[in-house]
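4 protein chains.
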Amino acid sequence: MIVVMQLGATEAQIQAVAEAIRAKGLEPLVMPGDDRTAIGIPASLTPDQRMTLEGVLSRLEGVNKISETSHPYKLASQEYHRDPTLIQVGEEKIGAGHFAVMAGPCSVEGYEEYREAALMVKACGARILRGGAFKPRTSPYSFQGLRVEGLKIIQQVARETGLVTITEVMSADMVEVVAEHVDILQIGARSMQNYPLLIEAGKSQRPVFLKRGPSATIDEWLLAAEYVLNEGNPNVIMCERGIIAFDRTYTRNLLDLTAVQVLKAQTHLPVIVDPSHGTGVAKFVPGMAKAAMVAGADGIMVEVHPDPAEAKSDGSQTLDQAQFAGLMADLRRLSDYAGVKL
Amino acid sequence: MIVVMQLGATEAQIQAVAEAIRAKGLEPLVMPGDDRTAIGIPASLTPDQRMTLEGVLSRLEGVNKISETSHPYKLASQEYHRDPTLIQVGEEKIGAGHFAVMAGPCSVEGYEEYREAALMVKACGARILRGGAFKPRTSPYSFQGLRVEGLKIIQQVARETGLVTITEVMSADMVEVVAEHVDILQIGARSMQNYPLLIEAGKSQRPVFLKRGPSATIDEWLLAAEYVLNEGNPNVIMCERGIIAFDRTYTRNLLDLTAVQVLKAQTHLPVIVDPSHGTGVAKFVPGMAKAAMVAGADGIMVEVHPDPAEAKSDGSQTLDQAQFAGLMADLRRLSDYAGVKL
Amino acid sequence: MIVVMQLGATEAQIQAVAEAIRAKGLEPLVMPGDDRTAIGIPASLTPDQRMTLEGVLSRLEGVNKISETSHPYKLASQEYHRDPTLIQVGEEKIGAGHFAVMAGPCSVEGYEEYREAALMVKACGARILRGGAFKPRTSPYSFQGLRVEGLKIIQQVARETGLVTITEVMSADMVEVVAEHVDILQIGARSMQNYPLLIEAGKSQRPVFLKRGPSATIDEWLLAAEYVLNEGNPNVIMCERGIIAFDRTYTRNLLDLTAVQVLKAQTHLPVIVDPSHGTGVAKFVPGMAKAAMVAGADGIMVEVHPDPAEAKSDGSQTLDQAQFAGLMADLRRLSDYAGVKL
Amino acid sequence: MIVVMQLGATEAQIQAVAEAIRAKGLEPLVMPGDDRTAIGIPASLTPDQRMTLEGVLSRLEGVNKISETSHPYKLASQEYHRDPTLIQVGEEKIGAGHFAVMAGPCSVEGYEEYREAALMVKACGARILRGGAFKPRTSPYSFQGLRVEGLKIIQQVARETGLVTITEVMSADMVEVVAEHVDILQIGARSMQNYPLLIEAGKSQRPVFLKRGPSATIDEWLLAAEYVLNEGNPNVIMCERGIIAFDRTYTRNLLDLTAVQVLKAQTHLPVIVDPSHGTGVAKFVPGMAKAAMVAGADGIMVEVHPDPAEAKSDGSQTLDQAQFAGLMADLRRLSDYAGVKL
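Chains as they are written, first to last, in our numbering: chain W, 70 to 411; chain B, 70 to 411; chain L, 70 to 411; chain H, 70 to 411.
Hints are computed from structural coordinates only; laboratory data are not their basis. On a predicted model such as this, the values are computed, not experimentally measured, just so you know. There could be a bad hint or two in this list.
Said to hold, decoys possible - With a straight-line cut-off of 25 Å between C-alpha atoms, the simulated DSS-like cross-links for lysine-lysine are: (1) L/352 with B/410; (2) H/410 with W/352; (3) B/352 with L/410; (4) W/410 with H/352; (5) H/93 with L/352.
Unchecked claim - If you only want the chain B side, here are some residues facing chain H, beta carbon under 8 Å, derived: (6) 77; (7) 79; (8) 100; (9) 102; (10) 107; (11) 109; (12) 117; (13) 129; (14) 131; (15) 148; (16) 150; (17) 188; (18) 314; (19) 315; (20) 318.
Claimed, not checked - Pairwise CB distance ranges (calculated): (21) B/405 with L/391: 21 to 29 Å; (22) H/91 with L/274: 22 to 30 Å; (23) B/245 with W/91: 54 to 62 Å.
Ideal Cβ placement from N, Cα and C applies to all residues, glycine included.
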């Protein structure tokens, strides 16, 4: 932590800052400058130490600003864990050079419909099946999902098709039942900072797929991953799905593809991109999915449906079979170029 | 819903849109224009009808854009419920001309500390006591609150001081225990779209204090209130606490005071402003609290502490006794002007 | 400037950073920490020195991040100039306890119309008249203003009414002609970083009214003021007029009232709020204008028109005579409370 | 335009809206719905007609909201001009399947330095040379460029190397001199809505390279292009260079790659991506440049320098020769895949 003093701060003010730091058992390092003094605290503070110290120092006379020098996450950081994390689910590998395609309808609407969708996903060559049983919906009047009935359908269809499955879990008390039926636990964007849920997911043995909140910074997102990792679950997959946008005339969210590059520089965890929610528009999905591969993503999650016009939700961002098959063919060609296994 | 066709859309394309609307049992109203045609659907659609229709229509040739004509919330809307909602908790009134001041420390740190803070709140003339027992913290390494022990302290201190109490509840399964100990249930900004929690709070008899999510639109926020109202709980208090900012050099969040005016025009629910989280800086709190009263808010929530420099969290945005007493005096003078009871 | 090294940075990497700093003639201060080293540069750098140094240091191995410790503006800073700036235009005072009301139509539409608007402004008790002769319009097909003809009308009406005048100047080559006809030069939000214009305005003797750009940080805005101040013109007025918003359902821009408090803590320059552009909705203007006064603003700029429904532009955010007279009466009552002269 | 009435709006209120529309010489189309009435205006309005009408209608009782049905731009729209625009500068082609690489230093620092940079650009296989003679700098204390002397250097180096050149022009009165020395006129992000400059650029015969403003919507950006097109200059190149971000911990701006797809669906103009300013970090530039090609961009603009550590500005986002040569090789391989000529 660095405390920057105001111009013309007096020696007494500088000493008061130094004293306040010593009073917390830390050693200040005073750096007099040409026109203002900075005071460094060359120690690794816990978040609580940092916050308490900020409370104290921000109230002292002559203090101009206080800034942080260290990342707040550890287990998620490349600094502690150099090699990329490889996540294995059955035969399926995610990360460390393995490009994962997760596809399926927005929500599980019934056994027949879901089975048809799963067969389409498989026919197109994808091996991970998505589909919501519990649906977080902005309006209470919208379809909320088939719930546990939906989980059973997912499990049944997984057995019949051999596909790996992923579905969203919305609260801590449902982690167990979701983990019994499905391979990968998805934490939705609206739940990224639902800490009881993150902790419970961290206690589960299932890989956790963590979507970025619409206004989460990279650090907040990695700290959410840290909650899961800190419970002993090393298998976290980060998913960029679009952030809050000031222009929503043509798209629903703002896909932040650079976040893939930033995460690849900061963390060892795999990074997936969801261009369906990221753009909200079916015709933009293939282009952004391919751009994601080239930008270094470890996979994509896309909404597909045998008949998008009949989907109960998100039809306007959903690919049909022809579109999805076309995208898979493109990705396969591109994977040689990108140096990943698909 | 209005479907706007592209320039030069053919008669066949226009008819296909009209047909697709009729196929859903709705009657289209075709409006030919100078240069492009619009097609209205003069019916009140459910969110699912709207979404399904969007999925169908967005895929048809010649469609340029689709826009909504009705608000998605009902119970929260002034259109259905003209008179402002007055919420009564014991002797305390919130809304409909009654200005509420909710004050207290960020978190409950122990019985002695909390009692001292409560006495300070009371001495300054406020009647609603805040304080977190369950703390949603960005980092897993931060102090997470005293939990149920904290609830007991809040209840004990409430009995001794006669103050009304409010505390945050972070998950659906904790609603019951929080409601047993505390008067008002706070839903934090990070939980604004935690639907299981909203539903459970809606089933409780306690008033629900609903903070705006950092990237929530006004409509999304009112729809979150709608979840609570829809369960039969009419006592929802909206709280603006700052939204996501592109400039965080001098403040932590971006306080959206105009939201007070917008809500007052759209809903009958009371609106509270939290300038402590809204700015993140103690010296900016009094000015923004007073501005909130003048802008039409029904109250404020502020962080206060007998010794902010010793607070375990949020010290840099917390008022001490002198600052809070000064603010209360200012608000009292201003309340005559603003025409509210304090 | 502080350079923070990565965890596990080697001694050789640390020395390479120190060397690179010395190679630029500066003295590094190495601060070894528990887990990582920071290297301070305790000198006041010019922006170019800083940028060059960043270019060098960001490429060295082992560097984690580089952060700034000093504000980039000087002349605009309270650190160099403690007393609030008082700007005098004829008899009219702006800043240092004098609350200015600038009112008038969006654009000058003709002599008769403008004279009528001016008489209304005067009748309501305001003394500064606004009105655009050059209009920056998003579409090339919109009315662009009467230009020099408009300037002449403003000057003529000013002579007849005794009002002080302000109008926008859109390019450096027009500063001279605008300054000949009008008292205060307005730099619009879209021109905040039009540096040739800022420099030319800085060479003029007229006060400069500098609107904040929709995505400008406080520092960028103060640096834009610095361009004017640096040319020898000390009379700069800052104007908050709403920033970019992610939710534009109910308002046009997002009024950042906290910016008033931040500027009051950072600069000696007067701060005006424009709630007309800040909200874009006439019914929200009075509430936010009053909140601005209470938040510490030195004045407001509002759009008024004898018949807003007939205004050529911005009618939906314009106050009519009754609304404006009501606002002025409210502000007068409130000015006692706020301790400002109106 | 569609006017949506409030719930329970009376017949008299509906008729008043219809009358107000007729009073402007337009024919209203009333659409009674289940629960609320909408009133369409099936005519193509000019921006002024629309704004005046909004001013009138927004003041009438019973009106809930007013929404637009048509795009405000015409010349830039694909609806009027289906085929992609191909821009030819000497031998160089931009757009319509031709991928352009524009590279060079941030600013022209001297003849020797610029010549060396140009030779490096040419050696790596790029054919368009960038470099600023006039530099828009946030701080008045930063290097502002060599100005006309810089233009002469650009021209001289272009003659010696045969490269096509592009440089920024910051004000209308400099368009002529810049156009005399350089092939393509760049309008910077901060000047996107400098209308006098856009108009003057529109009168020039030079292609205009239009950077997106940091908070410009797609429609505002296309309307800025419309200013140029409307003066008779058909050769406009759109450049996405990153928009305003709420998280600037790891990047300088937020690159909006989906904007490429949106523009490709809306306009016939070529679209270029600038990953140097878009990310602000050299190591992220190659990945995002390649993603841009795959996302459908018609080219990239990148900052390169023989010795980035010695560049006077933007060194931390600048590629050196090895990095740029690597990127060019990657793009060449990828161009087969993407189906573009490089």
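Margin query: Quick check on residue 318 of chain B please, does its C-beta sit within 8 Å of some C-beta on chain H?
Written below: 10 Å, violated
Next item on the list: Quickly compare the C-alpha distance for residue 93 of chain H and residue 352 of chain L to 25 Å and report which way the hint goes.
Entry: Judged against 25 Å, a Cα distance of about 24 Å means the pair holds.
Notebook entry, point to check: Do the beta carbons of residue 91 of chain H and residue 274 of chain L sit within 22 to 30 Å of each other?
Noted result: 51 Å, violated
Next item on the list: For the hint on residue 79 of chain B, just tell me whether its beta-carbon gets within less than 8 Å of chain H.
Entry: 14 Å, violated
Check: Holds or violated: is the Cβ of residue 150 of chain B closer than 8 Å to a Cβ in chain H?
Finding: Hint violated; residue 150 of chain B Cβ to chain H Cβ min 11 Å, cut 8 Å.
Checklist line | Interface hint compliance - residue 100 of chain B to chain H, C-beta minimum distance less than 8 Å | finding: 5 Å, holds
Check: Holds or violated: is the Cβ of residue 129 of chain B closer than 8 Å to a Cβ in chain H?
Finding: 16 Å, violated
Notebook entry, point to check: Given residue 102 of chain B as an interface hint, is the shortest Cβ-Cβ distance to chain H below 8 Å?
Noted result: Check passed: Cβ of residue 102 of chain B comes within 4 Å of chain H, closer than 8 Å.
Check: Are the Cα positions of residue 352 of chain B and residue 410 of chain L separated by 25 Å at most?
Finding: The given pair, whose Cα atoms are some 24 Å apart, holds under the 25 Å limit.
Check: Do the numbers back the hint for residue 131 of chain B, that is, is its least Cβ distance to chain H under 8 Å?
Finding: 11 Å, violated
Item checked: Straight-line alpha-carbon gap residue 410 of chain W to residue 352 of chain H, limit 25 Å -> Distance ~24 Å between residue 410 of chain W and residue 352 of chain H Cα, so the pair holds.
Check: At a threshold of 8 Å, is the proposed contact between residue 117 of chain B and chain H supported by beta-carbon distances?
Finding: Violated: closest Cβ of chain H sits about 16 Å from residue 117 of chain B, beyond 8 Å.
Checked against the numbered hints above, the structure violates hints 7, 12, 13, 14, 16, 17, 20, 22, 23; every other hint is satisfied.
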